[in-house]
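Trainee: Below, each chain spelled out in residue letters.
Number of protein chains: 2
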Amino acid sequence: MSDKKRSRVTLEQVAKHAGVSRATASLVVRGSPNISKETRKKVLQAMKELGYVYDRVAANLRSQRSSTVGLIITELDNPFFSELLVGVHEALDQEGYTVILGTTFDRPEKQDALLSTMLEHRVGGVIMSPVPGCSAEMLEQLRQWDIPVVLFARDELPAGQFDYIGIDNMAGGRMAVEHLLEGGHRRIAFIGGSPQSSVWKARRSGYSEALRAAGIEMDDTLLVPSATTRQGGRMAVKRLLQHPNPPTALFCYNDVVAFGAMLGLKEEGIVPGRDIAVVGFDNIQESALFQPPLTTVAAFPEKIGAYAAKQLHERMRGDASAPKRTILQPELVIRQSSGKREEKR
Amino acid sequence: MSDKKRSRVTLEQVAKHAGVSRATASLVVRGSPNISKETRKKVLQAMKELGYVYDRVAANLRSQRSSTVGLIITELDNPFFSELLVGVHEALDQEGYTVILGTTFDRPEKQDALLSTMLEHRVGGVIMSPVPGCSAEMLEQLRQWDIPVVLFARDELPAGQFDYIGIDNMAGGRMAVEHLLEGGHRRIAFIGGSPQSSVWKARRSGYSEALRAAGIEMDDTLLVPSATTRQGGRMAVKRLLQHPNPPTALFCYNDVVAFGAMLGLKEEGIVPGRDIAVVGFDNIQESALFQPPLTTVAAFPEKIGAYAAKQLHERMRGDASAPKRTILQPELVIRQSSGKREEKR
DNA sequence: GTGAAAGCGCTAACAG
DNA sequence: CTGTTAGCGCTTTCAC
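Order-wise, the sequence lines are chains A and B.
Position 204 of the first sequence, counted from 1, bears residue number 204 in UniProt numbering, the numbering being contiguous throughout.
Position 232 of the second sequence, counted from 1, bears residue number 232 in UniProt numbering, the numbering being contiguous throughout.
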């Protein structure tokens, strides 16, 4: 908390300087059309001379509106999320909102704390990627408070209560595995990620479904969860290599895990894309540049972010219709890590 | 701007419910010690029952303090900046500040607009990575307004006017080039980045100095600026390959450019780390995982961010000493892209 | 220790 | 078109 007390030039002073009333000056500031050209000019002049800065906080307090929105993200070190952030942020910015940023690092307490802080700061709405295990109290409070909340990228919260923007993770998982099946693979592992998360469950369903459709029996020993990091992927692969009957292909929870996995493979002298096929998920920028370039399922983070911003904007403008789920379709991007020779750009 | 008008539970209501005055309730909320245990309990109880949420905005307005700080970053798609963001954000958060985020995309007008918005939102201070060509007016206004501003990562603004945290780019450039010289290279190009930027100039000075010290004549045709992106690095390399007397080593403006450059080289059948040496700058996470792993100059983004946050905090607490420059020392991280066989971890 | 009154900088309603 | 009055939710004197 800052200790400085600052003296602001107030509208009052501007008004006095321009020889009008405070109310008139207020109208000018807000660009009301019902002001004579001359008065406006006088006031604008006075503002400039005095170095007036509009006090949006005071204005919001008085008018009971808000020009800020809260943006809660889980982690920034995964490029998927920073791309997401770019998308939302840019869109919100364009709508004229000021964004208050919060990072949960995937900790529920942190998320609760951030939501509280944001309420205290009178945000007009919140866009968030929820952590698994979000406290019920907090949700209840949000609902009571009835400030619009848009979820994105993950839907850990009870479905149907809030708007949600995300991609079809199940379809994505299916696509990835079908691609591997087409490549002739029969033993396909699903590695990385946390089984508690809704996203993991969805991708895993897609995986299972594709295998089932191909008449392949599920082998739970090929399910190797891990931290959602490079290191996690690396460890998962090492464990998998101990397997008596190891897989010939890996479907990775996401691209970051896939990078880690490929790193681990290389360390063991196994060449991804030749000795073993690897598919990721997200299509973050690096995936095109990794060696070998990563075959992956594109999840369009920036697009998701932009949609989420748009949805929140509508809610904040009064749209009170039932919560809406917007599900984008993922796309398979075939590169070399899955052993195919085609290159799709 | 949200249209919703919300009804908040006010302190007044809490006070009434608890049978005390508003002032007393206020003291309780802020944890004043001069309150009897009993009264406190009553008030806390009332707060809970009514679902009271503290209105920090109203409080700040009245007390003329601020609990928010503005954080202005230039681009998020470069991991260097997202790592920087993590560092600052986390530190600010720990000090109890709420952060308002802005992205300039390296456009001066955008930066001006963001600063204005932040002033309007009564931020108590600003941490920013300035764009080249920051308007003089804005600076003047900031100074007049006299809200603490801490610059980081880049110092485009007139030196000595604001606090600055960064690394020694010149030393970094020198280290990179000296390393290449030790590898026996004589024709070393400096590619990527924008010559207008202070960072570019500093790295370039280090480059020149190292060459001069080695008695090598500068060859300006080996200076190939570009967009600070992978694509930029890729294009720069392609251009350089047309050179009648091409370099045997590349010092890249930063890691992202280096990745692009290596990509471009591979496309031409040239193997970085064997046929040509490549050194980057920043040491972002990916650089350890690229193929070949990138030799680079570590710039410690998270550390810079944390320092910047700390510095701002002190200013906001009233430290009025002269502007301070904090320059961290970079470190060379040798990996395979520069042709050495040692691996430093 | 607690209460009453004033006011942060602005907007909203209503007069004129 | 412009001015007057009231008050957003809180903190801050200053009494008691």
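Keep in mind the hints are simulated off the structure, nothing from the lab.
This one's a predicted model, so the numbers in the text were calculated from it and none came from an experiment.
Among the hints, erroneous ones may be present.
List time: in silico EDC-like cross-link candidates among lysine to aspartate or glutamate, alpha-carbon distance up to 20 Å [stated by the list, open to error]:
| no. | chain 1 | residue 1 | chain 2 | residue 2 |
| --- | --- | --- | --- | --- |
| 1 | B | Lys48 | A | Glu49 |
| 2 | B | Lys303 | A | Asp77 |
| 3 | A | Lys303 | B | Glu75 |
| 4 | A | Lys310 | A | Glu95 |
| 5 | A | Lys37 | A | Glu49 |
| 6 | B | Lys303 | A | Asp168 |
| 7 | A | Lys48 | B | Glu137 |
| 8 | B | Lys238 | B | Glu268 |
| 9 | B | Lys110 | A | Glu90 |
| 10 | A | Lys303 | A | Glu90 |
| 11 | A | Lys303 | A | Asp112 |
| 12 | A | Lys48 | B | Glu268 |
Trainee: To test your reading of the hints: which numbers does this structure violate?
Mentor: 1, 6, 11 and 12
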